[in-house]
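Kindly generate the complete structure, drawing on both the sequences and the hints.
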Amino acid sequence: MSEEPQSSALLLLIGAITLLLVGVSFAVSYGEHTTWSSIAAIGISTIKAMLIVWFFMEMRESRTSVRVAALGGLLLFGLLLGLTVTDVATRRPAPLQVPMPLHVPAGHVD
Amino acid sequence: MYEPELELHFEDLEKQRHAARFGMWIFLASELLIFAALFALYFAYRVHYPDIFVEGVGHNAKVIGTVNTAILLVGSTAVAVAVNELRRNRTRLGAALLALCALAAVVFLLLKSWEYAKHFHDGIRPGGAGHFFAEHPEPGWPLFFTLYFAMTGLHAIHVAVGGVIVGWLAWWVARDGVGRAGAYRVELGALYWHFVDTVWVFLWAMFYLMGKHG
Amino acid sequence: MNDFLRRLLFLPDQGATFSARVDHLHFLVILVTMFGATAVFATALWFTWRYRRRDELTLTPLVRAPVALELAVVVGLFGLFLFFWVLGYRQYVRLRVAPDDAMEVYVTAKKWMWKFAYPDGRRSLGVLVVPAGRPVKLIMTSRDVIHSFYVPAFRTKQDVLPGRYTTIWFETVAPGVYRTFCAEYCGTDHSRMWADVVALDAVQWEAWRAGADPSDLVAGMLHGDDREHGDRKLVSVAFAPSGVVQDGEPVSMAQRGLEVAARKGCLSCHSVDGQPHIGPSFRGLYGRVEQLENGTVRVDEAYLTKSMMEPMADVVRGYRPVMPTYLGQLQPAEVGALLELIRSLREPLPTPPGIGYPQLPTNPQDGPAQSYEADRGLETIPDESLAPAQAPAGTPGAPAP
Amino acid sequence: MRTNYLNHETTIWSWLSTTDHKRIGVMFLVANLLALLLGGVLALVLRIEHLTPDQTIIDAATYNRVFTLHGVIMVWLFMIPSIPTAFGNFLVPIMLGAKDVAFPRLNLASFYIYLLGAAITLGGAIYSGADTGWTFYVPYSSTTMTPVLPILVGVFVLGWSTILTGINFIVTTHTLRARNMGWRDIPLFVWTIYGTSVIQVLATPVLAMTLVLVAMDHAFAWGFFDPARGGDVVLFQHIFWFYSHPAVYIMILPGMGVVSEVICTYARKDPLSYTAIAASTFGIAFTGFLTWGHHMFTSGMSEFDAGIFGVLSMFVAIFSAIKVFTWTGTLYRGQIALRSPLAYIFTFLFLFVFGGMTGVAVATTSLDVHWHDTYFVVAHFHFIMVGGTLTAYLAALNYWWPKITGKLYAEKWAMASVVLTFIGFFATFFPQFLLGNGGMPRRYFYYAEHFQALHVVSTVGSMILASAFVVTLLYLGWSLFYGEPAGDNPWGSRSYEWFTTSPPPPHNFEQTPAFGHRPYDYHKPIGA
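Protein chains in written order, with my numbering: chain A, 7 to 116; chain B, 4 to 217; chain C, 12 to 412; chain D, 301 to 828.
Think of the hints as simulated: they come from the structure by calculation, not from any bench. Every residue gets a Cβ at the ideal spot worked out from N, C-alpha and C, and that includes glycine. Watch out, some of these pointers could steer you wrong.
Derived list of chain D stretches under chain B, where covered just means 3 residues or more per stretch with a C-beta under 8 Å from a C-beta of chain B [stated by the list, open to error]:
#1 467–476
#2 495–508
#3 531–543
Only pairs whose alpha carbons sit at most 16 Å apart, straight line, appear in this in silico EDC-like list of lysine to aspartate or glutamate [claimed, not checked]:
#4 399/D - 15/B
#5 215/B - 54/B
#6 148/C - 131/C
#7 215/B - 38/A
#8 707/D - 784/D
#9 824/D - 67/C
Shown next, in the form of structure tokens:
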């Protein structure tokens, strides 16, 4: 958050890179293997987000207190996501979602 | 030429500027956590119904989503350069770029409302109402689309607010001839817009890319 | 020692096999923590007396805690807490994962009642009869909101979730009647949603399977406090079981009627609290004038008895003719009890019937939706179709789902 | 009479439109006390109802509404705002040597948002109130016939008030410290308010979204958690408790700040380790976010996740233990004057440690299965909330009363109310531990006969506790009019707020302060 202006050309370059990444992830999403293409989509989005935060939001010259605030928010975001998804993923037996009221096919023994 | 007045209880301008920026970043952290609850629901339900989510993404208009992402990124770049130019006292160029970003917000909202209309036309309405869900009775379908409407709807509200802020800044910069001294106030608006753009980058991936293509 | 501490802490009887182990960990953790709490407080009091203020001016020394002491306290306490966690978590997993040879019973929790369905097709309301000394695994789900199957004597509890199966298991130590509560808040009568786990020894269990009425078997068990089984009192903390067996008071005809309705499968199509179902709800039925396909009929004992024996005769408009005949299945006393039950449900429930999801019609032009299933194109499923196996000849099975 | 913040302008409008953090603090103090009294009356109604197993004075439906309102009012209208908004607002700027908080107008706005939220919540309550419990568990809260929406909207608005207060305090602590005041010189109370604000800012937004989701489920049947459309009700519990467990640390941390201040002043001694107390504040603030799953051990969550949450819950206990160890150590070789605020702190010490230890017991996963949703858990969190935060609130009220009002109060009446509070509290809530062990579930209107004896003892205890609050109001009210004037530093403390006049002038200090000493160096004569 310094006062001397950085070079506008750099900012335009970063903008161009993010647009390029949009095109890349658009193309990648047409891949056959949806799990891989999903991971790629999230990965490229993370790169774009880091570019925006580092250059556009001038995290580069920010003081430590600002960085701690941003990092704190991000950490808790990941914490909520991580532990909630772990719960759903590790339920024993596989989460049996049945429409209500229950339809038990004949002969089904749990 | 705009000169910010020193609030009585701050010792000097630098401390006042840092207080504003730091307060803005804390506010953005709390905004991020508003989205956290919805992101948690999305990924948890994606684990519950992986194939429905993969197929559901196919029903979203991938091209419009991508165009929208590009629009927001252009807006972000414009705002960043605008703040930079204002530090060089180039008021007119700064105001123009801010106006461009406000325009980007308007175009984004138009495309988004067109997309919603298309969904309503296809019989997809939030809460699992609409004939689409009669044809796809498996549980999970209503969830995917309700989450889609909730998350993109909440984000659209943030884009609207961001557009208003940037639009007001453009008008204020042009009217008061804001230069280097007032740049830090424009910066706050820019921070908010960049945050909105970052959230969309992930929403775009989750609802338009992570699944079968339409 | 175990019994002394159990009574001191007001803990109920140790009914299940793992109850004793859970209690032992309980005693360990409570004793250690209370010792810690009193130690801290005693030290503070002693310092207050020993270093009481003698005058207003003397300066106090700058005392810095040696880092070693600080670390010792932190590492020591953390070690102790982790030790508790290791013991606790191992027990928790054993508490949650049922053994494979456990006998399975399906449980349905519904706004303020527990329904049990056995694999051999037998059903009961409010009383879970299990063989003592054998592991029993309950496969539970809820028809409306979250409930929780909680047996204090077994030290175990498990939330019952709508739209999903959750399981709980226990192995009773001795025959007895163990009170069961609903532990997750579920509305007005949450505090009356009780049930009883009735553990029978081998002989009585076979008698029950052969069709004996559980109330006769349990009655012997309840009376007489001297029925000591070894050192453990048979009935846990003198609970008076609700549901079928009343300790002492005569079982009202309506109550017996409700039990017969449960056992004979009437409740699988007719609800008692006004909820729309396959057949008309018993709530508010008696004395009403019903619309038939042609003409009307006033609901009285004659119509009800006729409908039990020849269901196809006068079917109320809007209901599908799927009711099986009960001719020869019901003794006269049971028919009387059923009539008494329907008569006792004459006035509708104070709270609006059928608290369910606000109905969203699929196509607005279709008009009001009939029920969840029709609204979403799922075929209608009767309530009691939980038991997977074919119902034995004795009891008329629920209409095919 | 020197001009001070109370008498330099006395029109009603000067109070309502003030941006002076001291006046906003006093207005919050009054609002909190009213909320406490309202919540307390509801608690008494609940206790009287439990005198007999069946209906005593109200029926089941009313009982469900009363315990819901007791929960909502106590949690969001008293516990969370109590110490930060009343004493934090009043004292933090003075303790930092600043003229006011960083954003004065935002501070006044958060007071009015608090009033708006309180009005909506109480309006919904008077209209007919909800019967879902303060936890709003789905699907009951989305299908109940009682109007839940006003209370959801009211709490949503209250959430924003706490976020704005939180942002204000964080920025104030960072940017408005006096010229030579480094991070190691700020009083411990400011540290705990800073930690509480971090939790408020980062946890409350998730509550806001949770309430919106329940409102959408209830009003428009969007079915985020509707099992008929494939929803999973346990997910609601995840995002609700992600907020609600840190919320309990929002409630206890300011109380710990008060304890540190009061112990150091009345023992006239340096804290055993300044960094330990300050650091453990952040330890509690951060690990508080990791442990929400221990509310859901029996809710159908996977065993693997239950294990993770069990371990993480043990971390939090460590930081509380460090604080208690350091407080007890501070008393060692001090000059301890047992006055009423310190007596309150001893009540805090016993009840908080006793309650905290039962927390460790509850976090031992297998024991929680028996205790979850029974009166054992009710007793545990009341030991921490009433035994901990409320006694700390009363201690703060007595300790800073001379600074806020410039008057002293009758010491022996204060001591009487401390003794009454302890006896009343213990008689009310210790029997509930036994009730929980006996298997009495929570939120039960009708209960098994053999629990009645303990319920009667608990009700009698609650009467004594209520009388203790009445005694407190009496002697403080008396001192307002007839108390003799208190000097600037009646307790001889070295903390910065006692180095301005009491009540303080409009801008806190005559000339910008440059404190020559650290807040707790009692081992040196003043000014050395």
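(request) List, from low to high, the hint numbers that the structure doesn't satisfy. (result) none
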